[in-house]
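Generate coordinates for the entire structure from the input sequences, incorporating the hints supplied.
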Amino acid sequence: MTKRLFFFVFAASVWMLSLCFTVAARPDPQDAILGKWTTCDKHGNPQSEVIIYRADGAFNCKITKLLGEFSGYDSPLCAGCPGEYEDMPVIGMDIAKGFRYENGIFKGKILSPDRAKLFRMTMEIDENDPHILIVKGYVGPFSETQKWKRVRDSKDVKDTIIK
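Count the sequence shown with mature numbering (1 follows the signal peptide of the UniProt record, and there is no 0) and you get residues -24 to -1, 1 to 139, in order.
I should point out that these hints are in silico values taken from the structure, not numbers from a laboratory.
Below, a list of computed lysine-lysine pairs in the BS3-like style, where the Cα atoms sit at most 30 Å apart:
{"no.": "1", "residue 1": "Lys125", "residue 2": "Lys18"}
{"no.": "2", "residue 1": "Lys125", "residue 2": "Lys41"}
{"no.": "3", "residue 1": "Lys41", "residue 2": "Lys85"}
{"no.": "4", "residue 1": "Lys38", "residue 2": "Lys123"}
{"no.": "5", "residue 1": "Lys73", "residue 2": "Lys41"}
{"no.": "6", "residue 1": "Lys38", "residue 2": "Lys73"}
{"no.": "7", "residue 1": "Lys73", "residue 2": "Lys125"}
FRET-style restraints, in silico, Cβ to Cβ:
{"no.": "8", "residue 1": "Gly48", "residue 2": "Pro117", "range": "31 to 39 Å"}
{"no.": "9", "residue 1": "Glu45", "residue 2": "Asn79", "range": "32 to 40 Å"}
{"no.": "10", "residue 1": "Asn21", "residue 2": "Tyr114", "range": "17 to 25 Å"}
Don't be surprised by glycine CBs; every beta carbon is placed ideally from N, CA and C.
This is how it looks when you write it as structure tokens:
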């Protein structure tokens, strides 16, 4: 009887332990957005390189480099941009702050420095390609969609968690 009880307790413990490791090993779907991305306009032309990182329980998106037609500028100022963004250098600017993950989609607001406007925004990883981020900016009922591309040589995702 004690051998059966011992075997049962042992088997149950091993099963519970393996279940804990399986749950712990699953990646957080929110982490898929972390890292470096090349922003592209609606025509697919590269505009900038950004880094998406965690901050204070939410996510931010910071411009680190200008590309394409904007690459000739050192760091232009955000002339005419709203509120706290007014006359800030574009490189180093958080164009999206405090956006959150809800039901598989990231939601918040994003600044378009070249348009000097703040938009409601959603972001989600393309279901067919994890290296594509679909970004939609909204003004009222109208929207514009961009597809950002992951910078493949970016550092590990853990390096993008900034305090």
